[in-house]
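Chemist: Chains as they are written, first to last, in the working numbering: chain A, 1 to 150; chain B, 1 to 150; chain C, 1 to 493; chain D, 1 to 493.
Keep in mind that the hints were calculated from the coordinates and are not lab data.
These figures come from a predicted structure and were not determined experimentally.
Positions of the beta carbon are idealized from the N, C-alpha and C atoms, including for glycine.
Incorrect hints may have been included.
[Stated by the list, open to error] Listed next, the in silico DSBU-like pairs over lysine-lysine satisfying Cα-Cα at most 35 angstroms (straight line):
| id | chain 1 | residue 1 | chain 2 | residue 2 |
| --- | --- | --- | --- | --- |
| 1 | D | Lys445 | B | Lys91 |
| 2 | D | Lys350 | C | Lys350 |
| 3 | A | Lys2 | D | Lys66 |
| 4 | C | Lys66 | B | Lys2 |
| 5 | A | Lys91 | C | Lys445 |
| 6 | C | Lys195 | C | Lys445 |
| 7 | B | Lys122 | D | Lys350 |
| 8 | D | Lys4 | D | Lys350 |
| 9 | C | Lys65 | B | Lys2 |
| 10 | C | Lys445 | A | Lys122 |
| 11 | C | Lys350 | A | Lys122 |
| 12 | C | Lys279 | B | Lys2 |
| 13 | C | Lys195 | A | Lys122 |
| 14 | C | Lys4 | D | Lys445 |
| 15 | B | Lys91 | D | Lys195 |
| 16 | A | Lys91 | C | Lys350 |
| 17 | C | Lys119 | C | Lys195 |
| 18 | C | Lys350 | C | Lys445 |
| 19 | C | Lys118 | C | Lys4 |
| 20 | C | Lys279 | A | Lys91 |
| 21 | D | Lys445 | B | Lys122 |
| 22 | A | Lys2 | D | Lys350 |
| 23 | C | Lys65 | C | Lys4 |
| 24 | C | Lys195 | C | Lys118 |
| 25 | B | Lys91 | D | Lys4 |
| 26 | D | Lys119 | D | Lys195 |
| 27 | A | Lys2 | D | Lys65 |
| 28 | A | Lys122 | A | Lys91 |
| 29 | C | Lys445 | D | Lys4 |
| 30 | C | Lys279 | C | Lys445 |
| 31 | B | Lys122 | D | Lys195 |
[Unchecked claim] Here are some, though not all, of the chain C residues that point toward chain D, as calculated from beta-carbon distances under 10 angstroms:
| id | residue |
| --- | --- |
| 32 | Leu298 |
| 33 | Arg363 |
| 34 | Trp388 |
| 35 | Ala389 |
| 36 | His404 |
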Amino acid sequence: MKLQILVNGRLVPVDAEDVQRVAQVEPGVYSVLLGGRSFEVRAVAARDGLRLELSGRRFTAEVRDPRDRAQKSAAALGTGRQNIAAPMPGKVVRVLVGEGDVVEVGQGLVVVEAMKMQNEMKALRGGNVVEVRVRDGDTVSAGDVLVVLG
Amino acid sequence: MKLQILVNGRLVPVDAEDVQRVAQVEPGVYSVLLGGRSFEVRAVAARDGLRLELSGRRFTAEVRDPRDRAQKSAAALGTGRQNIAAPMPGKVVRVLVGEGDVVEVGQGLVVVEAMKMQNEMKALRGGNVVEVRVRDGDTVSAGDVLVVLG
Amino acid sequence: MFRKVLVANRGEIAVRVVRALRELDITSVAVFSDVDRGAQHVRLADEAERVDSYLNIDSILEVAKKHGAEAIHPGYGFLSENAGFAAACEAAGMVFIGPSADSIRRLGSKTAARTLAKKMNVPVVPGSEEPATNLELARELARQIGYPVLLKAAAGGGGKGMRRVDAESELEAAIRDASSEAERAFHSSEVYIEKVIEQPRHIEIQIVGDFHGNLVHLGERECSLQRRHQKIIEECPSPLIAANPAMRAEMGEAALRIARAVGYHNLGTVEFLADGEGKFYFLEVNTRLQVEHPVTELVTGLDLVHLQLHIANGESIPFAQGDVEWRGWAMECRVSAEDPEQHFFPSPGKIVQLREPAGPGIRLDSGVYPGWTVPLDYDPLLAKLITWAPDRMGAIRRMLRALHEYSIVGVETNLAFFRELLNDAEFREGRLNTRFIADYFGRRKAGGEPGEELELVAALAAAAHSANEKPETRNEKPETSAWLSEGRSGLLR
Amino acid sequence: MFRKVLVANRGEIAVRVVRALRELDITSVAVFSDVDRGAQHVRLADEAERVDSYLNIDSILEVAKKHGAEAIHPGYGFLSENAGFAAACEAAGMVFIGPSADSIRRLGSKTAARTLAKKMNVPVVPGSEEPATNLELARELARQIGYPVLLKAAAGGGGKGMRRVDAESELEAAIRDASSEAERAFHSSEVYIEKVIEQPRHIEIQIVGDFHGNLVHLGERECSLQRRHQKIIEECPSPLIAANPAMRAEMGEAALRIARAVGYHNLGTVEFLADGEGKFYFLEVNTRLQVEHPVTELVTGLDLVHLQLHIANGESIPFAQGDVEWRGWAMECRVSAEDPEQHFFPSPGKIVQLREPAGPGIRLDSGVYPGWTVPLDYDPLLAKLITWAPDRMGAIRRMLRALHEYSIVGVETNLAFFRELLNDAEFREGRLNTRFIADYFGRRKAGGEPGEELELVAALAAAAHSANEKPETRNEKPETSAWLSEGRSGLLR
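Could you put together the complete structure from these sequences and hints?
Modeler: What follows is the structure, given as structure tokens:
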């Protein structure tokens, strides 16, 4: 019997018997022997399926299963391409742009300080500032949208 | 509110608030600060309550709780004073006594081999052999009674 | 020897000091902030007490008195270079394990230290003597020195409040950022200006002195690999000095001249910039134990924290300059919760899986454990991975072996980035400078596709995992798989 | 250098060899028995293949061929001293990483080795030249030598098949036990008899030779602390030799004379007994890497497994006798799943909690991980904890510090027993002999009561634990608390 696994967005078919031969050595840690080679995979559940680490690389995976689908599509909505979000919690030190401004690639938008370091959030591409959602001194959480570019 | 904890068979009363201040740092691992001193306690559930490790010492503990009591008394039954049991799985290499024999303290009864080592099970006290439950070549599990002394 | 010592720090360095105290049969007292209640240094110490901040002198001294500590080890960072703290300890009848408040004061301010260095005929980088108190003055000073220039916090360290300025047009913004960062970090916005030495190597000399006038240098460490002006890889010996052995004695003597001038005692580090021709310039003095001290320990066979304690206890250094021997090569990687793919942006959070390397030639000084939540509030350093081998290539290969075993899941780390760096040809040739990391991103090759084999392996593990997790988690959100939920119940308070 | 090497072993030594291979950019091939599918050496190796037994020469060679290995490292135990295996490797065009089959044959039989030692003017313990094939002969030989005598398996090692006999009345039972044990362990029941040296110290010399006739000794290890005739604590230098430095060269030369006589290459260890006056007697030669090799590595700065690989690859030893330097003191504790309170009875089972020590001066060579089930089928050694310090007391204190951090829950271990031993006055004075452990149990003091404070702490933790576990486990047996259930689902096969 074949299972369909979505790895980095690509469908990979696997044999159920091969899955049986995978050894869980620690919680979330799997030893896979394939063609005589020894691999160790670390799996952590994430909002959008599984995050895997293997040979120092990162993979996302999703086991085709009706129950998961709802969750995933819901998660998908969260990621708007135009949003500049805070990658981690911190404090807004300075907002460098205003709504309506035209910005270029790499231009600084907001300076956030976290873990004692100042970090300038830059524009990923040119455009104009549709919305600025923070002001100096605001505390932001990871994923909070700081600026929306149009 | 006071809780009653049975530690090494002695009842120790503790304050619920103090329990709240205990920090679980890892699964089954607890950091206890008492009078400014820092202790780390490791707890594992066992048949007869909890086994704890603390400052290199072993403790048994039981939280007074109706549900536990049944289990405990059940477990208690298992331990007969006259039985010589195998402390671990192994293979019987040689039985040194027969039923009816009179044995002295420390006298060898059965030789069990495990992990490539031969180990002679000795009589904990003098008496006569009521029953011999194994013979040469038998495979035994931990806790299996080998010989019963009367 | 002291019977009880308080460790006024957190993280890996607090753990390292607690370990040294246990090895000397000294009772250790840890302090912790609220987020650090379950931290590794609290778990390993004999005693522990809450403080509202690692910077709060009064409450730290209060704990020290309450617990009957005889001395205080400040570690690095926090209060370690705070002359006021050293003085307050003495005033409270507590031994401060470090140099005198006076030495800290005289060497702590970079401008004062520069002046002293000049006086002792130690070459310095051309720059401003006094801080640039206002923009006008800054413009003028920068013009005199000539661009590119570097802005530095007068009270600073670890690159905080540092900015490179290539043209006058950038000066205003840079001054503003540097000052505000300096203000935040050191409660002093004073910034000064110096010439930029191109392609400089960062090489520092470890010095040690006692109360009896003995002063010895323990050789150099090269710390040229930096990101955000903070070191990430350090080694001893320096590849430059290995190629020019005479430099070690030269730089060592220069460092000791400065130390002698202030009657220095306990550990200190004199930092220099060195250019391609092996010319070196005094940079600053760190009047404390250095993060990267283990590479010196592995090569000299000395335990620097033990040494600090013996010296603070009034004992003489048990060896002379001629007895110091350097054997083999040591290298350190600073493992941090940060994302090299996002300008080394810090990545606090919960460590859900941890496998640490071990075995021959490996030393791991770690401040974390599986299930520990790396707090947002402090430096992202998790652990220091140090390797020793007879030669540099051996130390590099051993580091790669250790990195292969090292796995941290739950927070972003620089582990994979170190694997890249250690395979870089220029790094292996030892052609280092403080811009190395920045340049590396320029020539960096994109990692190839994983390939079908790895994808299949990942798929198999994913299938096994979901088959395995389903029973327990059918009715829960994916995040709360068994071991995560344990972790979440983390601190019971 | 080899491109691929198979490791014909398991546990910590297989892990240690796999690490060395990675450090030399050599692909490693692990083999595993069914119970070892998830073992640490399988996890860390590049390739892995099942074998039905670590003693099955054919299936190991088959795997080696299938994977294209060029050489085989036998580790210690199992096939490491099997001349037939060495020969079979050569026959299969595979390099056996160790001495020649001929050397193994000539030194493997203790009787033959004794004869050779005598011929080379190396003092030996008085005893029988030929094995005691029957009880009559045994009685006669024992009478000639004089009681107390020691029975030893001719093919043996590690104390298996060893019995001390104080009077003729005990001889018959002892012969029976020793032979059957020898038969089981080595498939040869041959036993021979030798005089018992009272209060002897076990001191051994590490030798290394290459294919170019270079033979060097790397100094001694003292391994006098033994239980069941197996070493549990080893150190370098030996306290006896530290007090009589001339002995190192004397014993080293004696060891090299034997090695030269057989044209020895690769690593070997020549074991001696030494009495109080520093007289020493040849015991046997171990023609393989020794369990306790790390103490020599930490003191000499050499990597013995790297050395084995370079030598097997035909390279010359890169140093001369005069270049070998001994720095500081190293000590090793063999951490095993066994119960010191029950005559060190083995205690296999599942490791439900594991915290390993780390930090300055600590080396941990471990073969286990949290959740690993220690199988009943093999030696109970879990890991080797090794410390280095400038002097013996420093190494002891550091070991105590590391033991304080070390915690293994789920199986019985000797960790607490090591803490006791390292605090024993006689041990600290270095007054060692092979009966030390047995004598220690004689003078051992019973541990005091825990006291009310510890009981209260235990009570608090117990209350917190049950408060914490109840939600998840109300409907389960206590054994299946969260992390245990994960463990149980251990291997999916």
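Chemist: For the pair we were handed, Lys4(C) and Lys445(D), check the Cα-Cα distance against 35 angstroms.
Modeler: 28 angstroms, holds
Chemist: Holds or violated: Lys91(A) with Lys350(C), Cα cutoff 35 angstroms?
Modeler: 20 angstroms, holds
Chemist: Would you check the hint for Lys122(B) and Lys350(D), treating anything up to 35 angstroms between C-alpha atoms as holding?
Modeler: OK: Lys122(B) and Lys350(D) at ~27 angstroms, within 35 angstroms.
Chemist: Hint check: Lys2(A) vs Lys350(D), CA-CA at most 35 angstroms. Holds or violated?
Modeler: The hint holds at about 34 angstroms.
Chemist: Is Lys66(C) within 35 angstroms of Lys2(B), Cα to Cα?
Modeler: 28 angstroms, holds
Chemist: Please verify whether Lys279(C) and Lys445(C) have alpha carbons no more than 35 angstroms apart.
Modeler: Holds, at about 33 angstroms.
Chemist: Just to be careful, I want the Cα atoms of Lys65(C) and Lys2(B) compared with a cutoff of 35 angstroms; is the pair within it?
Modeler: Since the Cα atoms of Lys65(C) and Lys2(B) sit roughly 32 angstroms apart, the hinted pair holds (cutoff 35 angstroms).
Chemist: Holds or violated: is the Cβ of His404(C) closer than 10 angstroms to a Cβ in chain D?
Modeler: Holds - the Cβ of His404(C) comes within 10 angstroms of chain D, reaching about 6 angstroms at its closest.
Chemist: Was the hint right that Leu298(C) lines chain D, CB cutoff 10 angstroms?
Modeler: It holds, given that the least Cβ distance between Leu298(C) and chain D is near 9 angstroms, below 10 angstroms.
Chemist: Is Lys350(D) within 35 angstroms of Lys350(C), Cα to Cα?
Modeler: The given pair, whose Cα atoms are some 27 angstroms apart, holds under the 35 angstroms limit.
Chemist: Are the Cα atoms of Lys119(C) and Lys195(C) separated by 35 angstroms or less?
Modeler: 19 angstroms, holds
Chemist: Please verify whether Lys445(D) and Lys122(B) have alpha carbons no more than 35 angstroms apart.
Modeler: Given that 35 angstroms is the threshold and the Cα spacing comes to 23 angstroms, the pair holds.
Checked against the numbered hints listed earlier, the structure breaks hints 12, 19, 20, 25; every other hint is satisfied.
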